[in-house]
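Let's have the full structure, built from the sequences with the hints guiding it.
Just so you know, the protein sequences line up as chains H and U, in that order. Anchor point for the first sequence: position 94 equals 94 in the numbering used here, and the numbering is continuous, going up by one each time. Anchor point for the second sequence: position 112 equals 112 in the numbering used here, and the numbering is continuous, going up by one each time.
Just so you know, these hints were derived from the structure itself, not from any lab. Certain hints may be false.
Stated by the list, open to error - Quick partial rundown of chain H residues pointing at chain U, CB under 10 Å, derived from the structure:
#: 1; residue: Asp21
#: 2; residue: Thr24
#: 3; residue: Tyr51
#: 4; residue: Ile52
#: 5; residue: Ala58
#: 6; residue: Ile61
#: 7; residue: Pro81
#: 8; residue: Asp85
#: 9; residue: Val86
#: 10; residue: Thr90
#: 11; residue: His91
#: 12; residue: Thr101
Claimed, not checked - Chain U is nowhere near these chain H residues, computed Cβ spacing over 12 Å in every case:
#: 13; residue: Ala39
#: 14; residue: Ala48
#: 15; residue: Glu84
#: 16; residue: Glu104
#: 17; residue: Leu106
#: 18; residue: Ala109
Unchecked claim - Across the chosen pairs, the derived CB separations fall in these ranges:
#: 19; chain 1: H; residue 1: Pro81; chain 2: U; residue 2: Asp92; range: 29 to 35 Å
#: 20; chain 1: U; residue 1: Gly26; chain 2: H; residue 2: Thr108; range: 35 to 41 Å
#: 21; chain 1: U; residue 1: Ser126; chain 2: H; residue 2: Glu104; range: 51 to 57 Å
#: 22; chain 1: U; residue 1: Ala65; chain 2: H; residue 2: Asp7; range: 46 to 52 Å
#: 23; chain 1: H; residue 1: Arg88; chain 2: U; residue 2: Gly26; range: 21 to 27 Å
#: 24; chain 1: U; residue 1: Gly26; chain 2: H; residue 2: Pro37; range: 34 to 40 Å
#: 25; chain 1: H; residue 1: Ala109; chain 2: U; residue 2: Arg131; range: 48 to 54 Å
#: 26; chain 1: H; residue 1: Glu104; chain 2: U; residue 2: Gly7; range: 57 to 63 Å
#: 27; chain 1: H; residue 1: Gly18; chain 2: U; residue 2: Asp78; range: 31 to 37 Å
#: 28; chain 1: U; residue 1: Pro127; chain 2: H; residue 2: Pro81; range: 40 to 46 Å
#: 29; chain 1: U; residue 1: Glu39; chain 2: H; residue 2: Phe33; range: 29 to 35 Å
Just so you know, these numbers come straight off a predicted model, no measurement behind them. Glycine is no exception: its CB is placed at the ideal position from the N, C-alpha and C atoms.
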Amino acid sequence: MKISVRDVGDAKVVKVEGDVDLGTSKLLRRTLFETLPRAAKVALNLEAIRYIDSSGIATLIEVLQDSRRLNKEFVLFGLSPAVEDVFRLTHVIRIFQVFQTEQEALGTA
Amino acid sequence: MGDTRRGLQLKFAMPSDPRYLPVVRGAVGPLAAAIGWDEAECRAIVLALDEALANVIRHAYHSRADGLIELECRESADGLEITLLDNGDAPDRSKICAREIGCDQPGGLGTHIIKRVMDKVSYEESPEGNRFVASKLLRKTS
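What follows is the structure in structure tokens.
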């Protein structure tokens, strides 16, 4: 799994590539928890995720909860088929703000 | 007379280390495709198996990497049967699928995924260890 973070105005865009599973979700969790306090909004780009399991989805839920506590925005965009499958199976998509593109996620479209 | 059709059988003896999960995923996806499932179903089967293995690593072996998981994936006459055997702690049945689906709590999603993807799921304690068995039927449309 590869993670990159870049600044876009007041927001941070986090891109995840590869597999998010029991072995790698801790790194995603740590990166997102470190990034969240440093920006008004964190937009997570999921288009290059090849695989994600329930530990990855649990990480996203934890970060969403922390964003509410910190009064920050945490949004998702570019859901790959692998991510859509797991969201569909777990019925958790309704709790997230999900967008098609980075521009839409950042409100610059 | 039992099922005499000979299908592909995959067997792994896997350490309880998450580093090996991609190896298993890489083998089981093509097996599901060879049996006849489409791409989305193959992804779901791989996910269900991965969740079952992750549960053994986390709950039976408490994230210790030196446990043993024996995995068998067998093509049956009507689909696929998956068996996992481990020697860790037995699963707490009261916690299986205990969370509400679709809620905003992070834990306990894996067992729901397994139940939704597979047709039959069972957890048994046997003299050899904890046995998890899950099967899925291939529904032919033509």
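Hint check results:
At a threshold of 10 Å, the smallest CB-CB gap from aspartate 21 of chain H to chain U is about 5 Å, leaving the interface hint in force. Interface restraint check: threonine 24 of chain H against chain U, minimum CB-CB distance 8 Å, threshold 10 Å, status holds. A cut of 10 Å between beta carbons decides the hint on tyrosine 51 of chain H: the least distance to chain U is about 7 Å, and the hint holds. This hint holds: isoleucine 52 of chain H has a C-beta 9 Å from the nearest C-beta of chain U, less than the 10 Å allowed.
With a least beta-carbon distance of about 4 Å to chain U, the hint placing alanine 58 of chain H at the interface is held under the 10 Å criterion. Look at isoleucine 61 of chain H: its Cβ gets to within about 4 Å of chain U, closer than 10 Å, so that hint holds up. With a least beta-carbon distance of about 7 Å to chain U, the hint placing proline 81 of chain H at the interface is held under the 10 Å criterion. The interface hint given for aspartate 85 of chain H is met, as the beta carbon of that residue sits about 5 Å from the closest beta carbon of chain U, less than 10 Å.
Look at valine 86 of chain H: its Cβ gets to within about 7 Å of chain U, closer than 10 Å, so that hint holds up. The criterion of a C-beta within 10 Å of any C-beta in chain U is met by threonine 90 of chain H, whose closest approach is roughly 5 Å, and the hint holds. At a threshold of 10 Å, the smallest CB-CB gap from histidine 91 of chain H to chain U is about 3 Å, leaving the interface hint in force. Hint on threonine 101 of chain H is violated. Least Cβ distance to chain U is approximately 23 Å, over the 10 Å limit.
Non-interface status of alanine 39 of chain H relative to chain U is upheld: no Cβ of that chain comes within 12 Å, the nearest being about 22 Å off. Here alanine 48 of chain H stays apart from chain U, with its beta-carbon at least about 16 Å from theirs, past the 12 Å limit. The beta carbon of glutamate 84 of chain H is not kept farther than 12 Å from every beta carbon of chain U, the shortest such distance being approximately 9 Å. At roughly 23 Å, the least C-beta separation between glutamate 104 of chain H and chain U is larger than 12 Å, which holds for a residue marked as non-interface.
At the 12 Å boundary, the C-beta of leucine 106 of chain H stays outside the reach of chain U, the nearest C-beta of that chain being 24 Å off. With a closest Cβ-Cβ approach of about 27 Å to chain U, alanine 109 of chain H is found to remain outside the 12 Å limit, as its non-interface label requires. The hinted window of 29 to 35 Å between proline 81 of chain H and aspartate 92 of chain U holds, with their beta carbons roughly 33 Å apart. The hinted range of 35 to 41 Å is satisfied by glycine 26 of chain U and threonine 108 of chain H, whose Cβ atoms lie roughly 39 Å apart.
For the pair serine 126 of chain U and glutamate 104 of chain H, the beta carbons lie near 52 Å from each other, so the given range of 51 to 57 Å is met. Hint check: alanine 65 of chain U to aspartate 7 of chain H, Cβ distance near 37 Å, so the stated range 46 to 52 Å is violated. Taking the beta carbon of each, arginine 88 of chain H and glycine 26 of chain U are about 23 Å apart, inside 21 to 27 Å as hinted. Roughly 37 Å separates the CB atoms of glycine 26 of chain U and proline 37 of chain H, a value that falls within the hinted 34 to 40 Å.
The hinted range of 48 to 54 Å is satisfied by alanine 109 of chain H and arginine 131 of chain U, whose Cβ atoms lie roughly 52 Å apart. At about 47 Å, the CB distance of glutamate 104 of chain H to glycine 7 of chain U disagrees with the hint of 57 to 63 Å. Distance hint for glycine 18 of chain H and aspartate 78 of chain U: a CB-CB separation of about 35 Å, consistent with the stated range 31 to 37 Å. Between proline 127 of chain U and proline 81 of chain H the Cβ separation comes to about 42 Å, which falls inside the hinted range of 40 to 46 Å.
For the hinted restraint 29 to 35 Å between glutamate 39 of chain U and phenylalanine 33 of chain H, the CB-CB distance of approximately 33 Å keeps it satisfied.
Violation of the numbered hints given earlier is confined to hints 12, 15, 22, 26; the remaining hints are satisfied by the structure.
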